[in-house]
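A.B. asks: Keeping their order, the protein sequence lines are chains A, B, C and D.
Mapping to numbering that gives the first Met the number 0: the first sequence position 15 is 14, numbers consecutive.
Mapping to numbering that gives the first Met the number 0: the second sequence position 61 is 60, numbers consecutive.
Mapping to numbering that gives the first Met the number 0: the third sequence position 206 is 205, numbers consecutive.
Mapping to numbering that gives the first Met the number 0: the fourth sequence position 239 is 238, numbers consecutive.
Read the hints as simulated data drawn from the structure, not as lab findings.
Being a predicted model, the structure only gives us computed values, none of them experimental.
Treat the hints with care, since some could be wrong.
Intra- or inter-copy, both count: the list cannot distinguish identical chains.
[Unchecked claim] Derived pair list, reagent style SDA-like, types lysine to any residue, alpha-carbon separation capped at 25 Å:
1. Lys218 / Ala46
2. Lys218 / Glu130
3. Lys42 / Thr329
4. Lys223 / Met71
5. Lys223 / Ala14
6. Lys223 / Asn128
7. Lys223 / Tyr124
8. Lys42 / Tyr30
9. Lys218 / Gly160
10. Lys42 / Pro28
One-letter residues, chain by chain:
Number of protein chains: 4
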Amino acid sequence: MLVFQNDYSEGAHPAILKRLAETNMEQLPGYGTDHYCEAAQEKIRQACACPQAQVRFISGGTQTNQLVIDTMLQPYEGVVAAESGHVNVHEAGAIEATGHKVLTLPQHDGLIDAGELREYCETFYADGNHEHMVFPGMVYISHPTEYGTLYTKAQLEAIAGVCHEYHMPLFIDGARLGYGLVASGTDVTLPDIARIADVFYIGGTKVGALFGEAVVFTKGNMPKHITAQIKQHGALMAKGWLMGLQFDTLFTDGLYTRIARNADEMADRIREALRAKGYRMVYENTTNQIFVVLDHATIDRLEREVRLGFMERYDDNHTVMRICTSWATTAESVGRLIDSL
Amino acid sequence: MLVFQNDYSEGAHPAILKRLAETNMEQLPGYGTDHYCEAAQEKIRQACACPQAQVRFISGGTQTNQLVIDTMLQPYEGVVAAESGHVNVHEAGAIEATGHKVLTLPQHDGLIDAGELREYCETFYADGNHEHMVFPGMVYISHPTEYGTLYTKAQLEAIAGVCHEYHMPLFIDGARLGYGLVASGTDVTLPDIARIADVFYIGGTKVGALFGEAVVFTKGNMPKHITAQIKQHGALMAKGWLMGLQFDTLFTDGLYTRIARNADEMADRIREALRAKGYRMVYENTTNQIFVVLDHATIDRLEREVRLGFMERYDDNHTVMRICTSWATTAESVGRLIDSL
Amino acid sequence: MLVFQNDYSEGAHPAILKRLAETNMEQLPGYGTDHYCEAAQEKIRQACACPQAQVRFISGGTQTNQLVIDTMLQPYEGVVAAESGHVNVHEAGAIEATGHKVLTLPQHDGLIDAGELREYCETFYADGNHEHMVFPGMVYISHPTEYGTLYTKAQLEAIAGVCHEYHMPLFIDGARLGYGLVASGTDVTLPDIARIADVFYIGGTKVGALFGEAVVFTKGNMPKHITAQIKQHGALMAKGWLMGLQFDTLFTDGLYTRIARNADEMADRIREALRAKGYRMVYENTTNQIFVVLDHATIDRLEREVRLGFMERYDDNHTVMRICTSWATTAESVGRLIDSL
Amino acid sequence: MLVFQNDYSEGAHPAILKRLAETNMEQLPGYGTDHYCEAAQEKIRQACACPQAQVRFISGGTQTNQLVIDTMLQPYEGVVAAESGHVNVHEAGAIEATGHKVLTLPQHDGLIDAGELREYCETFYADGNHEHMVFPGMVYISHPTEYGTLYTKAQLEAIAGVCHEYHMPLFIDGARLGYGLVASGTDVTLPDIARIADVFYIGGTKVGALFGEAVVFTKGNMPKHITAQIKQHGALMAKGWLMGLQFDTLFTDGLYTRIARNADEMADRIREALRAKGYRMVYENTTNQIFVVLDHATIDRLEREVRLGFMERYDDNHTVMRICTSWATTAESVGRLIDSL
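Chain A with its partners taken away, still in its complex shape:
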């Protein structure tokens, strides 16, 4: 069976497994206070060209979103996100469980618009009743978005401009950041992200690690007593070095972006084939997720050989399916997928 269902179907890049094995019996202090975490933090600061960055490692994306949003918002504030944002739709209410509302903006191919964000804020503060409403306290975007699309540098700067005008930190969910940074056509680099965002994370789970996300606070703005707060959220891993070691490996000799590029290249080939065969793709993008409209007969036929992801109903006869590549996708499996289309 070919699997193009998601980008977390395999374990880790072999270089990571190798280092886990090599260091397995080294006795290390717990909770991320070890030298591997320290080394990884330093390499990330350098890759971000952000010497003052404060870095912490968290084991998964929902946990990271929950932690960042809850620790950076005041109790009377909510987080502004696209209607299609992961925190609004697919985290089982993890944000609300910490007491915060997700305030939604329209999505345009998964992106929010700086103009609409400004209008939202203007309307909010113009309302004499706004003390009876939830204050916009932070802006959450994902890059790439849930639909695989990317912001341009100018779009990110415009959003950050509105954020800062209204004293809201900009939080970028980078669960798939690697796949965004190396996509064809993007003008956004990791140092750009670190400069523009107030906090963001570099996804490991979907880009070569067994698990782990590196949260980066870029402006000396890491919440106070973050260790206690991570612990309180159930997110303080005893053997924190497991994440330090993985990120140290990923940020040595550019491994992170190198393996990310494979995913985008494989996706480009699939996109080309889909276009050639007349399939309709829902979003124009260049990252590792492809959303394609398939009729039910085609789906039935494909599913004998390939596992795809369900996205949403399109109409009575069609469904939007997701084809997802990753750092681990082989040219051979892509060839077989294309043949089967």
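For this one, chain A is given, so just place chains B, C and D on it according to the hints.
C.D. replies: Coordinates of chains B, C and D only, in the frame set by chain A:
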């Protein structure tokens, strides 16, 4: 200054003040365990034609919404509401503060549509990923709505039908219920509400009481240890009889609906005058709230004599203002308002 | 039946009812933005000799404790209280429901000890693992305590000293503050309280009001967007002036302390009689609560005529009962109680 | 440097690393729905002699405690634990952050007493005011306890008896369960734990795994929609098979208990040496944690060669230090430790 800003600008109906004075030195047990609460509960059961109803008194609307929603939902469930629903917009995040998401449906003049509700539920359960989403666990509607509009009996029954199909209680926010029950053209009675809703409340604060809402659980479904839960929400009033006494008064000899009718009649007169003078009203309704489009010159002129409520920006030159009557509105002040239009 | 069960068995001082009636039809803006609230706030500032005090009115004690503690603590902080503190024992988990732990100190006749508080803090910060623990973030005491006892001015100052050394605000629960301020032997005045505490409240519910507590932030330290936060806690009363009016009345011509004195005087008479008749009182105090050890035969006999409060089991044959006086207790009923002992 | 600081200083048992490497590129479905999780669940059911057991894997202990307690309690309930219980002391308020109070019982060498538990419950329900208090809703014990001590089977059965009388599930924190099951002198087996507890977990993080705890619901009592609830708590690992694979390995051919025995044997040797040299141990126990009173000169001397854990101040000249062995401790390092004592 004429005041048509809201329906909670005055104290209480004089009959209530009289009874408060008469009973002031009577020594009563606390926390709503007194005989006035008991009498009021019985009168409400009778007015609802719902002998099994369980009734509790809570001091305000936000508190009631927070309590009912939090105690009736499972942790993994959210409350479905119109985008314009009070719990979604104007309660400073009180629902999310208890850990629950507000799941929104489109509003049509403040109403939700049973068909759209069914579609929402169908789509939710059809999604293979729905364990990663917030379960729809209850439906919240307000009657009258935030825009003064009313559901018909058939509409309520259709919504309740979908609710029960998907095992969700239907919760009716009746902060202004009195003004809905006596509105011209409505076919919905209090017994209808009690029969159709699983839980609802009869607003006192806006309909003749100093404060207090009577929450009615209609199906033997009052959450366990409700006293402890009310206390935990900071909502257990020491001198609970103050609310029992007020509702006992309001539900003696039909006082509640009698004084509600005044508000609607006064609003009808104003609506007639507005129509006659060519003003545009945003919603067609027959209750105590009128939403009228006014140009800024008119607003400036009116505000010298009348205090109105701000609703929202309409366009560059116009604003939607709210004219609100109540049980206390006098024909004389309505006459003066009409003259000034 | 004589009732000495608690101090919230009657309505309000007649002067309050009179003003409610006089102002009943005055049209006032909502949510505590009216001129009665403003006047009451100013009178409280003067009575406290604290011109910078920020005052808000909240309808009940649990709600006030929940609001103050939740809005003044950081998420990683808990509130330090006596084991016997109301917030630890009798609020159905209202504090924990907002996410905060109650950290307990031993109680000595209901009081905490400044030395033990310091030791608690020293031990906490000396522990290398304290990032895995709940930070002491605020100190809560009640004055009078739950056992009717009082701190001396020196004790309060010593506690405040430790608080400030460890950057914790001192919060005084004054649900029965009036009965403490006028007790025989106390050297603590209202200006002392305002000077020593960082936040405290002046109880109305138990001292002459229908309901309402006046929260006083004494150091310009009222939490940001307090209106939104009160609303979010379900504690923003629509007709906020009802509390402004009551406190305005209580703080006009010293009514508050005048009526408080009655309770203490009546309690003194009962204490004298109990001593004369050889009863054992559990705590030495001079406020309106008396905790007396009664054998079960005496309880059975008394309960035919008097309603007392249950406190706790003493031994197989005795129970500790509470005798509680209030602003409304009459000399005649005290006489009858004494006769029946 | 010798390290006896804790039992999570090394990675995983080599057999686990081997299987991670072997299966690394196998494409597996996410979120614990894979065949390794299924196999591990079945092996755990068999090891527990509990065919109806429902098993889920969670990445850490605090997270597991938070999840189990929050999903099994009603909102008005708290969890009863020893004062010294991990959930009460060392989880940074993770339990309270979900809204639940930790209700404490005295600890006796880390253990709670069934008689004191019964008395707690009796007193609670006898109190007429208990609706104003937090209901005891679950009992939490750790086995081994935080002090390395163990319950006997009879003690566990007595506690479970009280639990069931008062309709409270019994939750056993087994973060170090392996070290308890193989300790000399214990009469408690894994099937006993599964029979007596309503829910418990088998610690992996401290007993041979990289990370992961296996939560076992023993009575068909796994909370509804547990996947959604795990997700909402930020605890749903994308690559859930990583935990399935580890537990599958640990529960193949008795690896889990085999490696646990090493820790206890090494600790026994150290205890023997300590006794021989006249050191004072604070608790009598036979598991992998040793709490020894050391004077400060000895600590200074030892710390040149050995890293120990700080426990607590004993007196001005002594400190209680923890010596901790694990599955990975070698006889050679134990020999060197003993020599240095």
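A.B. asks: If a hint holds in the structure, say so; if it does not, say that too.
C.D. replies: The hints, checked one at a time:
1. Lys218 / Ala46: Within. Shortest intra-copy distance 16 Å satisfies the 25 Å Cα cut-off; inter-copy 46 Å does not.
2. Lys218 / Glu130: Only across copies: Lys218 and Glu130 sit 23 Å apart there, 29 Å inside one copy, limit 25 Å.
3. Lys42 / Thr329: neither (28 Å within a copy, 34 Å between copies)
4. Lys223 / Met71: Both. Shortest intra-copy (10 Å) and inter-copy (15 Å) distances satisfy the 25 Å Cα cut-off.
5. Lys223 / Ala14: Answer is neither; intra-copy 35 Å and inter-copy 40 Å both fail.
6. Lys223 / Asn128: between (32 Å within a copy, 16 Å between copies)
7. Lys223 / Tyr124: Classified as between: cross-chain Cα gap 16 Å, same-chain 28 Å, threshold 25 Å.
8. Lys42 / Tyr30: within (19 Å within a copy, 30 Å between copies)
9. Lys218 / Gly160: Only inside one copy: Lys218 and Gly160 sit 15 Å apart there, 35 Å across copies, limit 25 Å.
10. Lys42 / Pro28: within (20 Å within a copy, 32 Å between copies)
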